Amino acid sequence: MKISPSFIELETGNGIALHDLMPGIREAVAKSGITNGFVTVTSQHTTTAIAINEFEERLLEDVKTFLTRLIPPGDRYLHNDIDMRDCPEDEPENAHSHLAAMLLGSSEVIGLSAGELVLGQYQSVMLYELDGPRQRKVNVQVVGE
Amino acid sequence: MKISPSFIELETGNGIALHDLMPGIREAVAKSGITNGFVTVTSQHTTTAIAINEFEERLLEDVKTFLTRLIPPGDRYLHNDIDMRDCPEDEPENAHSHLAAMLLGSSEVIGLSAGELVLGQYQSVMLYELDGPRQRKVNVQVVGE
Amino acid sequence: MKISPSFIELETGNGIALHDLMPGIREAVAKSGITNGFVTVTSQHTTTAIAINEFEERLLEDVKTFLTRLIPPGDRYLHNDIDMRDCPEDEPENAHSHLAAMLLGSSEVIGLSAGELVLGQYQSVMLYELDGPRQRKVNVQVVGE
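From first to last, the protein sequence lines stand for chains A, B and C.
By numbering that gives the first Met the number 0, the letter at position 26 of the first sequence is numbered 25, and the numbering carries on one by one without gaps.
By numbering that gives the first Met the number 0, the letter at position 47 of the second sequence is numbered 46, and the numbering carries on one by one without gaps.
By numbering that gives the first Met the number 0, the letter at position 126 of the third sequence is numbered 125, and the numbering carries on one by one without gaps.
Hint data in this document are derived by calculation from the structure and do not stem from the laboratory.
In this text the structure is predicted, and so the values were computed from the model without any measurement.
Be a bit skeptical, because a hint or two may be false.
Cut-off 30 Å, straight-line C-alpha distance, at most; resulting in silico cross-link-like pairs (DSS-like, lysine-lysine) [to be verified]:
id : chain 1 : residue 1 : chain 2 : residue 2
1  : A       : K30       : B       : K136
2  : B       : K63       : B       : K136
3  : C       : K1        : B       : K1
4  : C       : K63       : A       : K136
5  : C       : K1        : A       : K136
6  : B       : K30       : C       : K1
7  : B       : K1        : A       : K1
8  : A       : K1        : B       : K30
9  : A       : K63       : C       : K63
10 : B       : K1        : C       : K136
11 : A       : K1        : A       : K136
12 : A       : K63       : B       : K63
13 : B       : K1        : C       : K30
14 : C       : K30       : C       : K136
15 : B       : K1        : B       : K136
16 : C       : K1        : A       : K1
17 : A       : K1        : C       : K30
18 : B       : K136      : B       : K30
19 : A       : K1        : A       : K30
20 : A       : K136      : A       : K30
21 : C       : K63       : C       : K136
Stretch by stretch, here's where chain C covers chain A in the computed footprint (C-beta under 8 Å, at least three residues) [said to hold, decoys possible]:
id : stretch
22 : 0-14
23 : 36-49
24 : 64-77
25 : 97-105
Ideal Cβ placement from N, Cα and C applies to all residues, glycine included.
Construct the complete structure from the given sequences, taking the supplied hints into account.
As structure tokens, then:
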């Protein structure tokens, strides 16, 4: 049994955006030579998240609408008082993005069988950008034989 | 070290319903012969989720009430305009179920020690059905020695 | 490849509180002798959660405010009718804590490379106490070579 580490790097969309990680994960699996086991996918940022769901254009718009209503960017957040914190002056006011990231979660684990991710017909592993656009990294570990 | 893959198949309840996966996971662990390591549990659908919490009848009702209030099925969602999408005409109008699945998450990982899942007294691994009833599958990977 | 199990034990703060697990996880990694692979972190309680985000004092206050507004402790929950349940009379009325735990999730998995967790600059693995103060346990499995 072995472990093969990889990174997916991507330039993300504006504000809240969803990105399909399946091509990058499939590449990591192919590179690893591992065909049976599992894959871990972990976000490397505090204002992104990982989820598994349907990568469908209109649903992605619903996600943006829902998150913006649930955690309004314009609400009062203590984290947004940049001058009260020990951090660079040009830090973004993005407390709402952190809160969304916490709710959505930073990692998922997916089975691997005969070289294919064990996922249902409509499932894609996705990166949620919650404060874009930015340059982002996702860690993928392929584990097995 | 080895990996033993399994599936739990179940017929779920109506609308939002929670199902205890512990019997199926214990069966997968027993079948694997693995006693120390960990177990990954991953949903195979975009309108289900995996969580670890207390499998208690009245709490399950609270979950239904809470999710229905948080993400009302009757709200306007673009994903529910079935005729605007490239999909079968009889697709269900279930954007709210997708959003709940994203929030709750699709996988969990649990330690395994001396043949038992490393969980607290009140913890059960559960499948959340968010758009039932349906025939569902959950992937379980038992990993270790 | 091997697996090294550990527990982090801690006394948590009042009500909703966040605790940095990084020192305990680093100790588990050092003890394991494993330098490349991954780490799984799983909460052992139904009113705690695990997340990866920025451990920043003012953001932690925002988390408390947000969760209290999203899932008000004073709302009506069936799980809080202690006398209707088959449980000790002194059970706490904490349905809101269970609901928050389900949303936030009970486990995360993080890569391990050259003895260091593969995390971004601002990321910390944290325990969310949602019904403190209590004595709590977190299971950490270090996996790899």
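Cross-check of the supplied hints:
Simply put, K30 of chain A and K136 of chain B have alpha-carbon atoms about 29 Å apart, close enough for the 30 Å limit, and the pair holds. Our distance criterion of 30 Å between C-alpha atoms is met by K63 of chain B and K136 of chain B, whose separation comes to about 21 Å. With a C-alpha separation of about 10 Å, the suggested pairing of K1 of chain C with K1 of chain B holds against the 30 Å cut-off. For the suggested pair K63 of chain C and K136 of chain A, the alpha carbons sit about 29 Å apart, so the restraint of at most 30 Å is met.
Proximity of K1 of chain C to K136 of chain A is assessed by CA-CA distance (about 27 Å); at most 30 Å being required, the pair is judged to hold. Our distance criterion of 30 Å between C-alpha atoms is met by K30 of chain B and K1 of chain C, whose separation comes to about 21 Å. For the given pair, K1 of chain B sits about 10 Å from K1 of chain A by alpha-carbon distance, which is consistent with the 30 Å threshold. A distance of roughly 23 Å separates the Cα atoms of K1 of chain A and K30 of chain B; the hinted pair therefore holds under the 30 Å criterion.
For the hint linking K63 of chain A to K63 of chain C, the alpha-carbon distance of about 23 Å falls within 30 Å, and the restraint holds. For the hint linking K1 of chain B to K136 of chain C, the alpha-carbon distance of about 27 Å falls within 30 Å, and the restraint holds. A distance of roughly 23 Å separates the Cα atoms of K1 of chain A and K136 of chain A; the hinted pair therefore holds under the 30 Å criterion. Of the supplied pair hints, the one linking K63 of chain A and K63 of chain B holds, its CA atoms being roughly 23 Å apart against a limit of 30 Å.
Between K1 of chain B and K30 of chain C the CA atoms are separated by roughly 23 Å; this keeps the pair inside 30 Å, and the hint holds. Taken as a hint, the K30 of chain C and K136 of chain C pair is honoured in the structure, with Cα atoms around 18 Å apart against an allowance of 30 Å. With a C-alpha separation of about 23 Å, the suggested pair K1 of chain B and K136 of chain B falls inside the 30 Å cut-off, and the hint holds. Between K1 of chain C and K1 of chain A, the direct Cα distance comes to roughly 10 Å. Compliance with the 30 Å bound is thereby established for this hinted pair.
With a CA separation close to 21 Å, the supplied pair K1 of chain A and K30 of chain C stays within the 30 Å bound. Using a Cα cut-off of 30 Å, the hinted pair K136 of chain B and K30 of chain B holds, with the two alpha carbons roughly 18 Å apart. A threshold of 30 Å between alpha carbons decides the hint, and for K1 of chain A with K30 of chain A the separation of about 13 Å falls inside it, so the pair holds. With a C-alpha separation of about 18 Å, the suggested pair K136 of chain A and K30 of chain A falls inside the 30 Å cut-off, and the hint holds.
Taking the CA atoms of K63 of chain C and K136 of chain C, the gap is near 21 Å; set against the 30 Å cutoff, the hint holds. Here the stretch 0-14 of chain A counts 4 residues with a CB under 8 Å from a CB of chain C, which clears the bar of 3, and the coverage holds. Note: the stretch 36-49 of chain A has 6 residues with beta-carbon separation from chain C under 8 Å; the three-residue rule is met and the coverage holds. Counting residues of the stretch 64-77 of chain A whose beta carbon lies closer than 8 Å to any beta carbon of chain C gives 4, which reaches the threshold of three, so the coverage claim holds.
Under a criterion of three residues with beta carbons nearer than 8 Å to beta carbons of chain C, the stated coverage of the stretch 97-105 of chain A is upheld, 7 such residues being counted.
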